[in-house]
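**Q** In the order they appear, the protein sequences are chains R and Z.
Under the numbering used here, the letters of the first sequence match residues 321 to 472, in that order.
Under the numbering used here, the letters of the second sequence match residues 321 to 472, in that order.
These are computed hints drawn from the structure, not numbers from a lab.
This list has only true hints and no planted wrong ones.
Because identical chains cannot be distinguished in the list, a pair is counted as satisfied if it fits within a single copy or across any two copies.
Capping the alpha-carbon separation at 25 Å, the derived lysine to any residue pairs in SDA-like fashion look like this:
no., residue 1, residue 2
1, K341, W389
2, K341, R414
3, K363, K387
4, K355, E325
5, K336, T388
6, K440, S458
7, K381, M366
8, K385, M366
9, K384, E365
10, K333, E456
Predicted model only: the values in this text are computed from it and were never measured.
Protein chains: 2
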Amino acid sequence: MLNDEKWMKQAIKQAKMAATKDEVPIGCVIVKDDKIIARAYNKREMNQQSIAHAEILAIQKACKKLKTWRLEGCTLYVTLEPCPMCAGAIIQSRIEHVVYGAYDPKGGCVGSCTNLFEAKGFNHYPSYTSGILEEECSSLLKEFFKQKRKKA
Amino acid sequence: MLNDEKWMKQAIKQAKMAATKDEVPIGCVIVKDDKIIARAYNKREMNQQSIAHAEILAIQKACKKLKTWRLEGCTLYVTLEPCPMCAGAIIQSRIEHVVYGAYDPKGGCVGSCTNLFEAKGFNHYPSYTSGILEEECSSLLKEFFKQKRKKA
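Here chain R stands alone, though its shape is the one from the complex (with noise of 0.2 Å):
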């Protein structure tokens, strides 16, 4: 647990990273042998790309340092719950832990909508734990909306 919140911290200081860009601020590392290979947050306006969330680009970066696409014994925080695209990069990874801060009900596939790591079918299933410092992951979201309306 003490240890989720020293990555947790990690990945919030990613997420902030994304707010100074002007991103919705997600951030993610994955952790393999008590190291983090790979560090990244959400870039999607950025790169107009609609597949460059945090997640994915962690995982992009992981393959290219692990040079495999097996992300085995690997650990991926993340600030929020995965969209299903990310729950499902995960899955393809075989990462096998997940750990994420806030709940997403309006797209979160790791419990809120749908949870994708107990859908019957896949050949992988990551473990997970959720709520890791919570609060802080949400506060920041709910506060880049916040200065968003504000400008608009």
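Please arrange chain Z on chain R, whose structure you already have, making use of the hints.
**A** Below, chain Z without anything else, positioned relative to chain R:
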């Protein structure tokens, strides 16, 4: 329906290219205003990237071509039922319609294992058609794995 077969044949062409590179033969094209704007085939092994499925690579190309992450008005043709990651990427891209060939009981998320296009809570729902040139799409995969087993 005739048009669907025409575009699916182009997706099959991509799938066949995957097979020649020893990749699981899955191909995809994205069509807008009666023109192909992106073509791709599965490159998971050659790129050693878990996210390098045909649909993801085609979506990346389409976003680059249209200079936007919003693929509104686009139809995606793919030879195999999308996995959770690809079904999710289709939702995230706001793709309007999806046409797939073969069904995937071991991971398909547009009807087989679950149906993400009918899950609650998302902000976009693509329409879809399934089973177009199913036999041809499915034989490609069967033949590929038969050859693989022979070599093993």
